[in-house]
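Number of protein chains: 2
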Amino acid sequence: MFKAEIYVSYKPSVLDPKAEVIKNTLARIGDDNVATVSVGKYFELTLTAPDQAAAEAQVDRICDEMLANVNTEAYHFTVKALEAAQ
Amino acid sequence: MFKAEIYVSYKPSVLDPKAEVIKNTLARIGDDNVATVSVGKYFELTLTAPDQAAAEAQVDRICDEMLANVNTEAYHFTVKALEAAQ
Chain A
1 MFKAEIYVSY KPSVLDPKAE VIKNTLARIG DDNVATVSVG KYFELTLTAP
51 DQAAAEAQVD RICDEMLANV NTEAYHFTVK ALEAAQ
Chain B
1 MFKAEIYVSY KPSVLDPKAE VIKNTLARIG DDNVATVSVG KYFELTLTAP
51 DQAAAEAQVD RICDEMLANV NTEAYHFTVK ALEAAQ
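Keeping their order, the protein sequence lines are chains A and B. All letters in the first sequence, in the order written, are residues 1 to 86 by my numbering. All letters in the second sequence, in the order written, are residues 1 to 86 by my numbering.
Keep in mind the hints are simulated off the structure, nothing from the lab. Among these hints, one or two may not hold up.
Chain copies aren't distinguished; within one or between two, either way the pair holds.
Claimed, not checked - Derived pair list, reagent style DSS-like, types lysine-lysine, alpha-carbon separation capped at 25 Å: (1) 23 <-> 80; (2) 3 <-> 80; (3) 3 <-> 23; (4) 41 <-> 18; (5) 41 <-> 3.
Make a model of the complete structure from these sequences and hints.
This is the structure:
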């Protein structure tokens, strides 16, 4: 069993109004030392796979095909083997 | 300068229909070895602070006050010092 942690966020060139709203609101309530904000999505998947490489290849394909909009979003992920006892 | 990476996701007891839809759709397109899916939000903040402890305390407060709905969501975060050169 493998556990994948996947982070999807906008590419740097894409305007992110949600992040701007958070940054401006933080400044308004006194947290004006926050310099940058970015907002993204976080996915956790557990899956069975014959080995680490197969799990990584499948997670990469799932990101491309479903979890990320590759036109505007970038993703990165980590895959870890889970102990059999878990 | 400190960088905070914040993960917000539903508490385990809260039903997450979006995660269920992803899991069912993956099974339909052949990825039926994916056992569990969870969906959350991911935030990156950079901020200035006198020290690590102050940065962590502020990020914790920001999560409580703005980024997470503490009734239904749990959060965890890491705070790292950035090199001055960055």
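What are the numbers of the hints that this structure violates, sorted from low to high?
Violated hints: none; all satisfied.
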